[in-house]
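Chemist: The chain contents come next:
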Amino acid sequence: MTEEDVAQLANMAGLDLDPAHLPGVMRNLEILEGQTALLFQEPLDPLVEPAPVYRP
Amino acid sequence: MIAEPPAIEKTLIDLASIIETARAVREGRQSALALIEARLARIEALDPSLNCFTEVLADRARREAAAVDAMVRAGRDPGPLAGVPFGVKDNYDVAGRVTTAGSIVNRVLAPATVDAVLLQRLSKAGAVLVGTQNMDEFAYGFTTENAHYGATRNPLDTGRSAGGSSGGSAAAVAAALCDFALGTDTNGSIRVPSSFCGIFGLKPTFGRLPRTGTFPFVHDLDHLGPFARSAADLALVYDTIQGHDAGDLACAERTKCPTVPALAKRFAGRVGILGGWFDDLADDQGRAAVALAGDALGASGTVILPGAARARAAAFLLTSSSGGNLHREALRTRAADFDPATRDRLLAGLLLRADPVLQAQRYRTQFREEALAAFRDYDLLIAPATPCSAPLLGQPTIHVAGKDIPTRANIGLLTQPLSFIGLPIVAAPIPGGPMPIAVQLIAPPWREDVALAAAATLEGAGIARGPEALPC
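Those protein sequence lines, which keep their order, are chains A and B.
Each residue of the first sequence is one higher than the one before, counting from -17 in this note's numbering.
Each residue of the second sequence is one higher than the one before, counting from 2 in this note's numbering.
To be clear, the hints were calculated from the coordinates, so they are not data collected in a lab.
Heads up, the beta-carbon is just placed ideally off N, CA and C, and yes, glycines get one too.
Errors might be hidden in some of the hints.
Ranges of calculated distance between the beta carbons of each label pair, as one might list FRET restraints [stated by the list, open to error]:
| id | chain 1 | residue 1 | chain 2 | residue 2 | range |
| --- | --- | --- | --- | --- | --- |
| 1 | B | Asp296 | A | Gly6 | 25 to 35 Å |
| 2 | B | Gly403 | A | Met(-6) | 32 to 42 Å |
| 3 | B | Ser301 | A | Pro1 | 56 to 66 Å |
| 4 | B | Glu45 | A | Gly6 | 33 to 43 Å |
| 5 | B | Arg271 | A | Glu24 | 23 to 33 Å |
| 6 | A | Glu(-15) | B | Asp296 | 29 to 39 Å |
| 7 | A | Asp(-13) | B | Val99 | 45 to 55 Å |
| 8 | A | Pro1 | B | Glu330 | 15 to 25 Å |
Non-contacting residues of chain A with respect to chain B, defined by C-beta distances greater than 10 Å in every case (computed) [unchecked claim]:
| id | residue |
| --- | --- |
| 9 | Glu(-15) |
| 10 | Asp0 |
| 11 | Gln23 |
Partial chain A-side listing against chain B, Cβ under 8 Å, derived [unchecked claim]:
| id | residue |
| --- | --- |
| 12 | Glu(-14) |
| 13 | Ala(-5) |
| 14 | Leu(-3) |
| 15 | Leu26 |
| 16 | Val30 |
Just chain B, with the same shape it has in the complex (with noise of 0.2 Å):
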């Protein structure tokens, strides 16, 4: 018999990095098995109250960490995420369930018959899943309360939203529930989460992951990407899942650009402040999180985008109207099966007439190179991700440039323009207030290098931070 190597020790183990975690359990240090387990339990411990998780894959996760101890036993290396435990948004495929996207619409569906790419791609690489996360419905929110499967709370303060779409996930990470966790975002619903849950996120330049396998909410706007505790292990589960896929009409023929050697330096790009739009619709909170970035990164200026609005809108319109057009026949055929709040805003998108729309593709070409030519002069832009930190659960208005706005509609205003042009960007996060704020650093298309290294010398100031403590 095997004697099973010894464990270090939890604590460590919580909060240690995924480069670490996975050197240990590639070193026969640490037992996959006994870390999965270990998660588990605080899982079944802590997720009641959070709801992170929309189903717990204890044997899937169970067998996959066996199998990576198994590898270390014969001498054969699982890969560079050995071992490490990971969730995933409830709108990427795991084979033998159904795909719920956060709604009991799709319960019809058949059960998925492989893996999300990006699933098999973390897979390879030693990563174990441990369950599929909560989302508001079709990811259509920021918020994370969803009629079906009830609102996640925020692990820093479980009376608050954790964000959305992709709140779950976030939540699962902020709480060490996971290790990391991929999201979708479409309109902001990895910078949002991350931004209230106090973690770093990921939305790569469109086109760069392929979307295979993943259910669809807008697809000239879709995104994937990672959610981390640190900037080094968002770069590193990045470069695992890069690559191209056929299966994603929409992903570029792109080779792949490592960005984890970028982060050993200290960023020294030209920085400029976001202002106009994304300084007026930020509060102090936010303005003070960008401040410190821009003085930690050398900040030499303020870019206006004049459009920004207008983006924001075309945004807002677009994402209305695929969103209805997506779900036709079930608006058609099974209105009543959809959130109340998502049935309404796809059913007004359903009747939204084209001429609006198609002046949205057309600005979306027009916005792109306005933000290009800041490019220009500069390699970094930095902007806040939400115009306020997390509201409580249900909070019906947000106070925003000295105006009470629905909550719901209008967590975005600061990450919809970005998106709509597809830049990629790190969602940082910044204490400095009872709940954190992120900061958006934004870099030219493909040039996620630039944004993962300016929040890892960030994160190296000391002025971006994830979890330190455990909450709950």
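So that you can see chain A by itself, here it is in the shape it has in the complex (with noise of 0.2 Å):
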């Protein structure tokens, strides 16, 4: 992921981000893409659902 993409998914995101924080920014991105990947590893059943506390 460039810098332009990380800016560009601030912007869609409402943030106007610090030049100074996208490299900190940059860093915990790519942290998260790997815990994704290892989330992803697998593919869930579609019968599995979320399980956020919800009380009507």
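Now that you have both chains on their own, put them together as the hints suggest.
Modeler: As structure tokens, this is what we get:
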């Protein structure tokens, strides 16, 4: 992911990223991408439901 | 004029159990006010070097202690925690002050108008709040190295981390600046500092204790819980704060389950050792601690949770994303006010796409079933709490499974997969190296009594031990 990619992503999220924060954000996005890859290593059964708490 | 009752010997009261202290106060053998003065003097002497407290509430503590003494003199019962000094992590509301959650970002918030619900319950039981305690900013960290409020130092070795994010609370209990404390645990923030400071900590089942009046981090992972210097003290405090409150949507409507009676008998349940991820990422001291605890509790097998690595990844992603979402407005308008270590992770979380977040939520259901299957064969599982004992403050990496990996992001490797599915866990400190390390005693959902009974049995056998002598 390039600095331009991150800036574009931030723009879409409504964030005006300080350029000084960009290297740290990119480093952490790379870590998150690594964790995402690990999570998707095996597919989930479509019948597995999410688990957040909701009480109507 | 009513004569003050004679104070019991200071060294005795410093290391006395909460039960003994409260009994002495209730029976008029110990003045609650004198006890608080002793604690405040100790805080004044030691906290400048330890940095456990963000604010010492001396006036409030003296007022509450005097009220306890007045009740005793009037022949009324001040409660099971009469006069016992305690502290709270600075993400619990205390009436009249701003809940900083370890950040200057929160300084713009209005002061709390009432205490957090758990504080109210403790005050009603006679306990006396002495102050609010240091933490990682917004509870996002494992070392309590806070850019705004400084680092909390480990009382067992002031060059080392107290752990986090509830590091101020754990260090204060270990140094006897207070007799117990309340912290929060989203990914390990009670169990990690318990391990590093050598005290007992309880992360109850998700949904057991109401979080009403605390500042959130990750709504569907946040737990509250106590720290203490013994298993019996931990159980007493936990029993005092149990109970549903409608102010927390995730708080389960369950009846209270007293745990103190379970501590009277030796634990005799079926015990398994968590292998795989939990063994691979432990160091020799952690493995030895687990082996000692397992032998003492009669462990009969090893349990592998194949999904542990993915569970940790899922917890990591949910934390980053939920934290980013929670602080979206401040990140958009005041990013420079955040601790840099917190800011960049939250900003990255805010940019994470929805797909992995939804997958993490679904994976939570699958991993829960995997863990619950293990409890068909075992009543209790054991794992190390941390991949190492307390690192040095500022230490950039820790050595785990043959690799040097960043310290701050990875201290929770062994706690995160378990809090992800909300299991009740006691961290029990096991001496065995220059610094202690804790084991996690992991019970099925809603069975805090099982984990606490196992902790008490380990303590009774001399395997688990809180601080024996006053550090510093």
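Chemist: Under the constraints set out in the numbered hints, which ones does this structure not fulfil?
Modeler: Going through the list in order, the structure violates hints 1, 6, 7, 10, 11, 12 and respects the others.
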